[in-house]
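Trainee: Chains B and V supply the protein sequences, listed in that same order.
Residues 1 to 346 (our numbering) are what the first sequence spells out, left to right.
Residues 1001 to 1418 (our numbering) are what the second sequence spells out, left to right.
No wet-lab data here; the hints were simulated from the structure.
A hint or two may mislead.
Derived coverage of chain V by chain B (criterion: at least 3 residues anywhere in the stretch with Cβ under 8 Å from a Cβ of chain B; other residues may be distant) [unchecked claim]: (1) 1167-1177; (2) 1287-1294; (3) 1319-1325.
The following residues of chain B were derived to be distant from chain V, with all beta-carbon distances above 10 Å [unchecked claim]: (4) Gly25; (5) Gly165; (6) Glu247; (7) Pro335.
Where a beta carbon is used, it is the ideal one built from N, C-alpha and C, also for glycine.
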Amino acid sequence: MTSSAVTPPLLQIDNLRTYFHTRAGLARAVDGVSLSVLPGETVGVVGESGCGKSVTALSVLRLIRPPGRIEQGSRIAFEGRDLLALGDEEIREVRGNRIAMIFQEPMTALNPVFTVGDQIAEVARVHAGASRKAAWARAVEMLTLVGIPAPEQRAGEYPHQLSGGMRQRVMIAMALVMSPALVIADEPTTALDVTIQAQILELLAGLQQRLSTAVLLITHDLGVIAEVARRVVVMYGGEVVEEAPVEELFAHAHHPYTEGLLAAMPRVGMERERLAVIPGTVPPPTAWPSGCRFRDRCSYAWDRCAREHPPLYPVGAGHVSRCHLADEPQRRARPHLPLAAEGGRA
Amino acid sequence: MTEGSGEERGVPDSGPGTSRARGAPPEPNDRTAAQPGRNRSSAPRIDPARPPDARGSTPTPAPLLSVRGLTKHFPIRRGLFSREVGAVRAVEGVSFDIGAGETLGVVGESGCGKTTTGRAILRLIEPTGGEVTFDGVDVRALDAEALRRLRRQMQIIFQDPFSSLNPRMTVGAIVREGLTVHRIAEGAAADARVRQLMDEVGLRPEYASRYPHEFSGGQRQRVGIARALSVGPRFIVCDEPVSALDVSVQAQVINLLQDLQRERGLTYLFIAHDLSVVEHIASRVAVMYLGKVVELATAEALYREPLMPYTQALLSAVPVPDPTTRKRRIVLTGDVPSPANPPSGCVFHPRCHHPQKDDACARIVPPLEEKAAGHWVACIKQPPTAVDWPAQQEAGGTRRPERYQPLRGAAQEGRGTS
């Protein structure tokens, strides 16, 4: 529904459900997510802690460990193959070769006892069967590509000898060794300072253009999304609640949650008013509310929202929203105090 | 306090009224604003011995907190006898004032010394040098008992609401502890006070018997705020209080801090790396780089017209949540140098993008000078400067100081898009 009919999508996720079967109950971390990424496209997935964005990314690479499980009926197609039907050996082929992942904290994602050159070269050896010498040369070439000064020397250093920004560059180099078709970046700049974040975002954008890699960028930061993504998927409560081209989302957010997120952000240059808040907190994944999962925190919710789980309504060109307001727009004129705001000081 | 009268203030470039912070009450003795044409000498005010009181627009004449030349060096020890081989200069000669009821924001990247500054003021970390005066009291001269008593007045809220609360204590006991330690209330009176404090920070009083792990991040931060408020402080160091929180919860906590400030007349030192949060909450902002304050101005002036090249780069790097503006970005090359071995001269010179940068920048330590009313900047290439051209030439300078303001147009475009 959300993908273009002309180009077949590179990645197509359909009704993904990743549940965690814990003693505290069934946690429906990802609960029926569908999204697609076209070749060479950058799609942003935005949401707050616990919305299921990272579990979605890990599910694509089949990195979910028990008690987590990808449930029956979920479908993840990549380059025409059903990733969920692949054997362990085949999925390992896909990881690193065709899909690479960049994590938030490069220090924990890198092995502290090997030099960064060794770690990049290992990818080339394992996935491409390159000789030791060729792999090392490839490592140095990749370090040059990601803008690390004195790459021959840096390749011989250990992760702790590098700064956070340098380590993230190494992670990117490692991800790109095999020229993957898709890079999944999970909060790639969250642990970095803002000037270093600017360097890394610039690097990612430049590399993407040159190598025409598709990027699935997962972040909580709408500012980062606005700068790099072409299409945005907003997640809340394990579901996609809104999807739109980036300009459309920022100009005409439809879902009250997206609206709330945009209003709650202090921005440089904004007049100094009181910040708008979304009252209450995200409910735990073991107890999603019936109907709309956002309704307790919503200023427009009415009885229908408790009864009826909203579908993704089309609200514009390539723009969908999981909110009954699409069906009854006149209710937007009558906001009220959300349930979660009553009795507490927001 | 003898400094800071309107007469001796240089007003090089500012128009009328620019010195007043947004949201700050009008200042009765703000002579700069009242007589804009007066005294347009371009001599900047500097006083290396007694650095700026920089009170530009504080609502009261005497600052509540005054910091002068605050320094903290952490020794680097090596070898069998732990010989001291050097020092990490975490904080190097930091000076500022905070007026009662004011919020001073401190921004900078990791390792710039902002957290150490906050802790050194409270003597949670013992400073190496400098003066800290709180309401006329010399904080560094206090003995342990007097310092403990002063802590009733000066509190801190920590960044991480997960590690800063004792997991074995109920939140009621956590909030109550300060009341008992400082003998403010006991028994039923203390219980009532705890319930009242919890209500004030937006927590249900009946949650007092629960443990920290039963709360979300935002609620835990409210517990941290209730704990700080319990002893009735006048001054609170807020050390990255919203950095670990999600956007929607962050807004709740920021609003709470502002409400409490208004109701109780609190004074904040608000430390954060998020420039948009600081702009929102602070009336004046100090920018730190490698242990030093490199720019200090009203929030409005700093964000509209940053003068220190580092501040310019920092501001331009903030992602704008608006896909239709492609703003000018100054991307700094390289990383922040090690504070154990800071660059000579201006600590920012190896990464500086000021077109007039030259050898003088590597040799002359730039004083923090008042370049416009209430706007303090450490840069010898941004005129006016007391480090005159002959002095710069003597230090190898080849390019005359010239005003550089790459963000001027861009910052304006980004405005009003909320």
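Trainee: All hints are to be evaluated individually against the structure, with a verdict given for each.
Mentor: The hints, checked one at a time:
1. 1167-1177: It is violated: at least three residues are needed, and the stretch 1167-1177 of chain V offers just 0 whose Cβ sits closer than 8 Å to chain B.
2. 1287-1294: violated (count 0)
3. 1319-1325: With 6 residues in contact (Cβ-Cβ under 8 Å with chain B), the coverage given for the stretch 1319-1325 of chain V holds.
4. Gly25: 16 Å, holds
5. Gly165: Incorrect as stated: the minimum Cβ-Cβ distance to chain V is 6 Å, not above 10 Å.
6. Glu247: Since the minimum Cβ distance to chain V is about 5 Å, glutamate 247 of chain B lies within 10 Å and the statement is violated.
7. Pro335: The claim stands: proline 335 of chain B keeps its Cβ more than 10 Å from every Cβ of chain V (closest is about 16 Å).
Hint compliance for this structure: hints 1, 2, 5, 6 are broken, all remaining hints hold.
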